[in-house]
Amino acid sequence: MTHNCDTCPAHAHLAQMGIRLGEGSRLVALAGNPNTGKSSVFNALTGLKQHVGNWPGKTVTRAEGGFAFQGQHYKLVDLPGTYSLLSASQDEEISRNFLLFGRPDCTIVVTDATALERNLNLVLQVLEITAKVVVCVNLMDEARRKGIEVDLRSLSRDLGVPAVPTVARTKEGLHDLVRTVAEVIDGTIATKPLRPGHPPDVEAAVGEVATLIEQRVPGIPNARWMAYRLLDGDSRIRQALESGELADLVAAQGTPAERRATLVSLQGRQ
Amino acid sequence: MANPFLLWRRWRDARRRTAFEDVLKHVLTRTIEGREAGVDSVAGHLGFSQKRVLHLAVEMESAGLLRSEGARLALTPAGEKWATQVVRAHRLWETYLANEAHVPIEALHKPAEAAEHRLTPEQVDALDASLGYPRNDPHGDPIPTASGQIAALDARAVTSFPLGQAAEIAHLEDEPAALFRQIPEALRPGTVVRRVSSSPAEVTLSDGAREYRLTPLVAGNIQVVPAPEAKADPSLAPLSALALGEEAEVVAIGPGLRGFTRRRLLDLGLTPQARVSVHLDNAFGDPRAYRVRGATIALRREQAAHIFVRRHGVLASA
Amino acid sequence: MTDPIARADQLRASLPAGFRDQVVESLYEEAHRIAGRSVKTGENRRIDFDQRIDRLVTSPIFGLPLMLVLITGVFWLTIIGSNYPSQMLATSFFWLEDKLVAWSAAAGAPAWLTGFVWNGVYRGLAWVVAVMLPPMAIFFPMFTILEDLGYLPRVGYNMDWLFRKAGAHGKQSLTMAMGFGCNAAGVISTRIIDSPRERLIAILTNNFVPCNGRFPTLIMLATIFVAAQFPPAVASVAAAGSVVGVVLLGVLFTLVVSAVLSRTVLRGEASAFTLELPPYRRPSILRILYTSLIDRTIFVLGRAMLTAAPAGAVIWILGNIDWQGASLARHAANFLQPLGHAIGLDGVILLAYVIAIPANEIVVPTMLMVYLGTGMMSDVTGYDDIRRILVEENGWSLLTAVNLMLFSLLHNPCATTILTMWRETRSTRWTFIGALMPLAIAFAVTFTVATVVRLLL
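In order, the protein sequences belong to chains A, B and C. Sequential numbering of the first sequence, starting at 1, is according to the numbering used here. Sequential numbering of the second sequence, starting at 1, is according to the numbering used here. Sequential numbering of the third sequence, starting at 1, is according to the numbering used here.
Quick caveat, the hints were computed from the structure, so don't treat them as lab data. Quick caveat, the model's predicted, so the values are computed rather than measured. For each residue, glycine too, the CB sits at the ideal point set by N, CA and C. Treat the hints with care, as some may be off.
Partial selection, computed: residues in chain B whose CB lies under 8 Å from chain A [unchecked claim]: (1) A129; (2) Y133; (3) F260; (4) G269; (5) P272; (6) Q273; (7) A295.
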């Protein structure tokens, strides 16, 4: 049951819809457009048998599972498939708020190699929120069959985060994916996310508000994105800024132990 | 609890508030339109007796909301603030109904008339935020900002717009409702029209696809502004007009697509400069599927009609 | 220090009206640039092939007939495929029942215990498994193949126009397709519809798609009453055809009820429709088998068995406790008889429906168990025996069969679906409407048919 907890202290605020993080386990979020095989990636990694129908939006409940890699436990959260993170629809709100308030150690954005351009829209938006991103270029087999070649080095270079080719159905490339995720979390791979500028007048406004946010919450990693969300009128961000929840989030970033103990949660669903 | 006298008082207060607000709104609207408001116009517009309006006017004047200057009624700053808040609630509620609940445009006015008296300023602010701070309501009227500013609407009746020139519909007068219902469904704010011909009995408008014959009275309720260059371009076509297999480049998404629908289409990659082609037909002719940015997206004709494209030619494979 | 929120509010007003559009636009420009550098598109034979299939599947001429042929084919395969296994299962289960009763009696168990456990609980379970398992084990994999291929969105695409006319959403047909498996799943899948009004319509009408719990009833009736009218060579096709006919009638009711709802209590225009048609994907056989057999078949069967066991017990108790010279089941059936007769059914059928409220799957077994009373189940080994029991011993006519098919299609959703409706809407009022509206329609339709037929004959 949901209890609406707009007024609780920030840490407790995260504790709805509990995703229980074990001691020392790492939290990985799985984002992506609908129909990119996101659920297949999830199933292949966790061994869970969540059904994957070939129709848009079939992931109607959020799924979570775990896997181990090199003795390290990982918790994987499958976010709803969305085309964007900008609108007020429930699915997008869930994904957006999880990436922000759930503070995953790494986010995998699953993309469809046969429609990369459309999928990059979401990738660019995720990069605005968090730097710890691995792009999973899935459905490489379909792309090959359709004569589409993807230059992953060029893609990684442009995006500033690693891009890994996979065929989730046959588990091809998944080992590389997990290793890359581990390396991004460890810092072995340093990411430098592409954050393209906005149109000039929006850019000026974003810059100004971002500076104000940085003054208010020093050390915030995604002030520009927050600034744009405020301009857009996102009431959740507004409230998080007003209540000091954002400052708490930033403060907690340095203390992993404290973070692990927290029940991370999602808002808004069931 | 259910003290009949208390209930009656509550009802009377609500009724009085509604009457106050209706008067305030009327005076504000007339002022913006540059016309005078007086006891007569209030009585005519609201269907009140002269006596009742006079009574109300005295009451409102002593409450510091109205000033009477001879026969003319004017708003005090407090009255203007209140009136603006009512207009804001009305237009935001209409926007909400049209964008999120998909209520047809001719059915917006009545529920908004009720909601404007019910919504608290806090609720109105929350509504504004959740709608993403829209600037115009579905009729094209500017929505007052939280601080009470109303953008000027620089529109004029299509009947006085030069013949043959491209004009974009900016506003549809929704009162009286009987006239509003006669405005064809295709003519909505954002649509580009040209006045083809005018006679005392009939005004003919064209949206490029069809011609619409209206009485001058009905046409007079359609207010337009000069169409932006991109949309005045006759080489542009709505996506729905393309033939199967035809390829084109998106130039603009018309203002007829609003709210969540507009965002969803943009998110799917239907942004200016995107290349689209008509991919699939359908037994009923509607919806059709389009290829855009490597994906196949099905759209209904209603939506595709608001996406303006420049034709490229027919794909070889079609 | 300036408040960022207040400053953002100020700046927002100064930005051009379409600034959000411009932001998405510039994101896509960047995406286009990046993709242009890293993606090379070669020859497109595969795309052409996909397109040709798509053109056929959604073709103005062949699209809809192809849909009908596909669905008829699925039902036909289900009917012919499940007939023999069902008989075999029934024969062996009831042979075992006799043995178990004899063994239990020999071991000195009291007669009421033997009857309660073996003739009640066990018999209920055995029936449900025998009647349901084979059709589901055939239907679900085929349905899952269509789902994984990517055919369902094409169905939504083909049907959208009809739903728009009914003031509903094109994705409603996707939720209906899920309803074939289980109406509760169908109700949950309505989450893909964004507009609350249209989602509510989809929830309220999902019941008009016969779920897997109701298919066995339809298949049995089609086989016994419809197929019997045709020469054996085409009998199974005729049976499948009549099941498809019932399904189409369900679609018709969905559309009509949706249209009525969106013109009355749920007034509003159809909202925007954007549906991505995903590329066709080769289904993975293992996953399909896993999904359809474990996730779906076992799940639905398990649920049916959970309700069948207590239902079997209830029926045994009702059938074996005598009061004033007749069993309680008889009394209940007699009490319901006038109402049953008025709608072209009988008291026993209605009693079966009352007992089967928890799950529709057990209607036929319940009915047969009440008809048979304390009789030997092992006598019933196939459709011929069922036919004999229904027609010769209990006076069923073609009207009974037709009205039972109608009633089965239209009547109230099962308890699980009702509960799901409540969970999804959080509204007691809409849940009530969702449960009672179909029931009222079912009574009205069957009563009309019965009255008209009786007047004409």
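Does B/F260 pass the interface hint, meaning its C-beta sits closer than 8 Å to a C-beta of chain A? It holds, given that the least Cβ distance between B/F260 and chain A is near 6 Å, below 8 Å.
Satisfaction of the B/Q273 interface hint, Cβ to chain A closer than 8 Å: violated, 12 Å
Chain A contact restraint on B/G269 - CB to CB distance below 8 Å: holds, 5 Å
Going by Cβ atoms only, is B/A295 closer than 8 Å to chain A? holds, 5 Å
Can you verify the interface hint for B/A129: is its Cβ closer than 8 Å to any Cβ in chain A? B/A129 check passes; min Cβ-Cβ to chain A is 5 Å, inside 8 Å.
Double-check B/Y133 for me: the hint is only fine if its C-beta lies closer than 8 Å to a C-beta in chain A. Where the cut-off is 8 Å and the nearest Cβ of chain A is about 5 Å from B/Y133, the hint holds.
Is the interface hint satisfied for B/P272? The criterion is a beta-carbon contact with chain A at less than 8 Å. violated, 12 Å
This entry does not satisfy hints 5, 6, going by the numbered hints stated previously.
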